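Novice: Fit chain B to the given chain A structure using the hints.
Protein chains in written order, with the working numbering: chain A, 831 to 1019; chain B, 831 to 1019.
It is worth saying that the hints were derived from the structure and are not from the lab. Model, not experiment: these values are computed from the prediction. Careful, some of the hints might be misleading.
As the list claims (entries may be wrong) - If you want the footprint, here are the derived chain B segments under chain A, 3+ residues with CB under 8 Å:
1) 847-861
2) 893-901
3) 938-949
4) 995-1005
Note that CB positions come from ideal geometry on N, CA and C, so glycine has one too.
Number of protein chains: 2
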Amino acid sequence: MPGTGPGLSRNGRDEAVAWAWEFVQQAGVPLRPGDRERIEVAGLGLGELEITGLQILTLAAGEWVGVKLLILRPHQFFPQHRHPPSPAEGYPGKTEILRGQYGVAYLYVPGIPTPRPSVSPPAHRRRHCTVLHEVPLHPGDQYVCPPDTWHWFQAGAPGAVLWSISSRVTDAVDRFADPQVVRMAKPDR
Amino acid sequence: MPGTGPGLSRNGRDEAVAWAWEFVQQAGVPLRPGDRERIEVAGLGLGELEITGLQILTLAAGEWVGVKLLILRPHQFFPQHRHPPSPAEGYPGKTEILRGQYGVAYLYVPGIPTPRPSVSPPAHRRRHCTVLHEVPLHPGDQYVCPPDTWHWFQAGAPGAVLWSISSRVTDAVDRFADPQVVRMAKPDR
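Only chain A is shown next, with the shape it has when bound in the complex:
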């Protein structure tokens, strides 16, 4: 049984999983009852899961392709990060397709800063958000994040379920802009 990770009590984790399982079943992605056990909670060691973090249902994570559902509470924020290359393997880093399935989230990527963004990160995390071009992810919207490119996202008022469809998953080596984030081989659970 994995530990709860820093900053996240077992109660906090259990409550997050229960909420995410309930929410994701409304999203139109057919799931199996056993999929509940696949939900991971990424609190990132910050102890403020309801505002910063993510629930992740991993459907596949192989050598060549990964499929996850990212489940976000209303306004939940996931900090700026990038998927770095692995030069020894000739791997440029994870290419990640983010696709809206349910609710709405806003993705931020390099580019012209959006003048009136739709959401706002927690005030004490904002200075680590340096890419400010907004890409709305309503259901059916899709964006391809190239390898090694900064991005962050935040749900709108309804919360959100996003597909993350990618080349090889490399969570353990992801780089975060905020030094308070604890990078873990596996997310908190």
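Specialist: Using the frame of chain A, we list chain B on its own:
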């Protein structure tokens, strides 16, 4: 404007696209109106699209990851094929995750032949189906096809919408067991 491909009239193509677009919108995957233009019709040069072939909505096809919706008419059959390696590039061949979204399809892969299979390929195509282990793909079911491994599939009575989520798409080099299949860089459209 691409040609209609051998064995498939423009009317046949248009009718297949119209049917597929109507059907896929029932499947619970949010789409954009412009996605209709992304539907390709793979008749494989056989001139019997309603029984052998496939409608494909490509959502992403990049260097590292591909996302398609495979849209099958009731009992429509897609012939046995494999995704071969590209040794010069160190690519083992396409890894393909097939995941049931709507309706039902049956995937056949190497293994112990299933005694009473749920579907039956067109009689004149059957001898090119040599892998006979059945994997049902109901909504929420998922199977990872390894690179360079024979597989074929056929929809059940309701028809089917499947996700095909894969490493780099390599349609042009796919190998088919049936020599009558015309391999094309792009499917008929």
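Novice: All hints, please: hold or fail.
Specialist: Against the structure, the hints:
Figure legend: the region 847-861 of chain B, annotated as covered by chain A; annotation consistent (4 residues with Cβ-Cβ distances under 8 Å, at least 3 required). With a threshold of 8 Å between beta carbons, the proposed coverage of the region 893-901 of chain B by chain A holds, since 4 of its residues qualify and at least three are required. Counting residues of the region 938-949 of chain B whose beta carbon lies closer than 8 Å to any beta carbon of chain A gives 0, which falls short of the minimum of three for the stated coverage. Coverage of the region 995-1005 of chain B by chain A holds [criterion: at least 3 residues with CB-CB distance below 8 Å; count 3].
When the structure is compared with the earlier hints, a violation turns up for hint 3 alone.
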